[in-house]
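Visitor: Protein sequence lines, in the order shown, are assigned to chains W and X.
Residues in the first sequence are numbered from 1 upward in steps of one, following the working numbering.
Residues in the second sequence are numbered from 1 upward in steps of one, following the working numbering.
The set of hints was computed from the structure by calculation and includes no laboratory data.
Cβ coordinates follow ideal geometry from the N, Cα and C atoms, glycine included.
Mixed in with the good hints, there may be bad ones.
Restraint ranges, calculated between C-beta atoms of paired labels, are given here [said to hold, decoys possible]:
(1) Tyr68/X <-> Ser80/W: 47 to 53 Å
(2) Ala24/W <-> Tyr189/X: 47 to 53 Å
(3) Arg26/W <-> Asp119/X: 22 to 28 Å
(4) Gly42/X <-> Val161/W: 25 to 31 Å
(5) Ile41/X <-> Ser80/W: 39 to 45 Å
(6) Ile41/X <-> Ile70/W: 32 to 38 Å
(7) Ser80/W <-> Ile37/X: 37 to 43 Å
(8) Leu18/W <-> Leu46/X: 17 to 23 Å
(9) Val46/W <-> Leu10/X: 44 to 50 Å
(10) Thr126/X <-> Phe175/W: 42 to 48 Å
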Amino acid sequence: MSVLDSLSLWAVPAMLALIPLWGAIRGVKVYETFVEGAQEGLEIAVKIIPYLIGMLMALSIFRASGAMEILARAISPLTSALGFPSEVLPLMIVRPLSGAGALGVTADLLKTHSPDSLIGRLASIMQGSTDTTFYVLTVYFGAVGVRKIRYAAGIGLAADVVGFLAALYACLWFFG
Amino acid sequence: MNIIWLGLILIGVVVAAFTGRAPAVTDAAFAGGKLAIETIIGLAGLMALWMGVMKIAEKSGLMEGIAYLLKPVVRLLFPTVPGDHPAIGAMLMNISANMLGLGSAATPFGLRAMQELQDLNPDKETASEAMCTFLTLNTASITLVPGTIIALRATYGSANPAEIVGATLIASLIAGVAAVLMDYLVRLYNRVRGR
Numbered sequence: 001m002s003v004l005d006s007l008s009l010w011a012v013p014a015m016l017a018l019i020p021l022w023g024a025i026r027g028v029k030v031y032e033t034f035v036e037g038a039q040e041g042l043e044i045a046v047k048i049i050p051y052l053i054g055m056l057m058a059l060s061i062f063r064a065s066g067a068m069e070i071l072a073r074a075i076s077p078l079t080s081a082l083g084f085p086s087e088v089l090p091l092m093i094v095r096p097l098s099g100a101g102a103l104g105v106t107a108d109l110l111k112t113h114s115p116d117s118l119i120g121r122l123a124s125i126m127q128g129s130t131d132t133t134f135y136v137l138t139v140y141f142g143a144v145g146v147r148k149i150r151y152a153a154g155i156g157l158a159a160d161v162v163g164f165l166a167a168l169y170a171c172l173w174f175f176g
Numbered sequence: 001m002n003i004i005w006l007g008l009i010l011i012g013v014v015v016a017a018f019t020g021r022a023p024a025v026t027d028a029a030f031a032g033g034k035l036a037i038e039t040i041i042g043l044a045g046l047m048a049l050w051m052g053v054m055k056i057a058e059k060s061g062l063m064e065g066i067a068y069l070l071k072p073v074v075r076l077l078f079p080t081v082p083g084d085h086p087a088i089g090a091m092l093m094n095i096s097a098n099m100l101g102l103g104s105a106a107t108p109f110g111l112r113a114m115q116e117l118q119d120l121n122p123d124k125e126t127a128s129e130a131m132c133t134f135l136t137l138n139t140a141s142i143t144l145v146p147g148t149i150i151a152l153r154a155t156y157g158s159a160n161p162a163e164i165v166g167a168t169l170i171a172s173l174i175a176g177v178a179a180v181l182m183d184y185l186v187r188l189y190n191r192v193r194g195r
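Please put together the full structure from these sequences, using the hints given.
Guide: Listed below in structure tokens is the structure:
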């Protein structure tokens with residue numbers, strides 16, 4: 001895995017050096033072009049703000065009210081039948097909603113159960129094999145002003161469910 | 001999205017009435033707004049940086065070059081996007097960054113791709129098929145190096161923080177394949193129904 005490690009370590013510096021270098025070779029005014037793009041980047045960031053406020057507010061209310069715990073209790077018979085330890089249930093609920101929240105839950109599980117326990121490993125794998133679906137949908141569709149997102153949320157959530165199951169069985173297969 | 005949003009708030013407030021957590025809900029609602037601004041402040045600088053670099057990549061013909069190389073795959077997944085469209089370069093950069101665990105670099109590329117897809121979108125209020133496919137790929141993206149998790153595991157004293165890389169790769173691969181398949185079936189279904 002050291003090849004992959006150094007690849008991810010060097011990817012950013014390499015892109016920052018090679019893309020402008022290639023641009024300069026091709027006769028692009030690199031600095032002016034960079035500034036032009038950066039301007040657009042800031043405009044998009046501003047455009048996302050209202051969407052993000054709306055989504056994070058709704059999620060915070062949902063969590064603070066205790067509705068999250070009720071949901072966890074409601075789906076726990078199903079998840080334990082599939083073989084998930086009940087400790088990872090909060091992670092499964094938070095994961096599609098909030099990246100920072102999920103990382104917090106994972107950190108808590110690693111601290112309480114040790115990273116090398118089954119729960120610690122499972123939480124780590126689950127974190128890596130799923131995504132913050134609602135955040136991605138909010139930010140990406142928000143940036144272009146699309147309001148009707150059709151079937152995107154359904155597939156994203158279904159993919160997360162598959163990811164959780166795959167994480168469980170991959171974990172048992174590797175470490176079980 | 002309207003139903004999800006309203007549902008989250010209504011359920012939250014109703015549950016709060018039963019659990020007696022109304023003050024916590026008030027705090028949480030305001031904290032959510034604050035968190036959004038904090039998130040954007042973190043994101044805005046990175047966005048500007050990467051969009052600047054992307055612009056150079058675009059003007060120097062690099063994006064078209066990448067798009068040209070991956071034409072066959074793209075044609076299968078995005079039949080509605082022209083083969084040499086800048087959207088393809090941006091989508092590929094986004095997915096590559098995601099695979100390397102560079103989440104913060106991936107988002108600007110992804111938003112750039114969404115803008116390009118929006119140019120092709122006939123109905124600006126409604127998600128196009130290509131957008132749904134792209135977000136499917138994005139939310140179920142294959143992870144080669146889960147850098148944050150490895151760091152977190154090391155922090156809590158794992159004997160081998162990177163031991164989960166193989167299992168993560170396999171699990172994310174399965175999720176990714178399932179997502180692409182589901183998206184493909186939905187597109188097929190829409191086609192058959194003539195939408």
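Visitor: Check the structure against each numbered hint from earlier and tell me which ones fail, lowest number first.
Guide: 9
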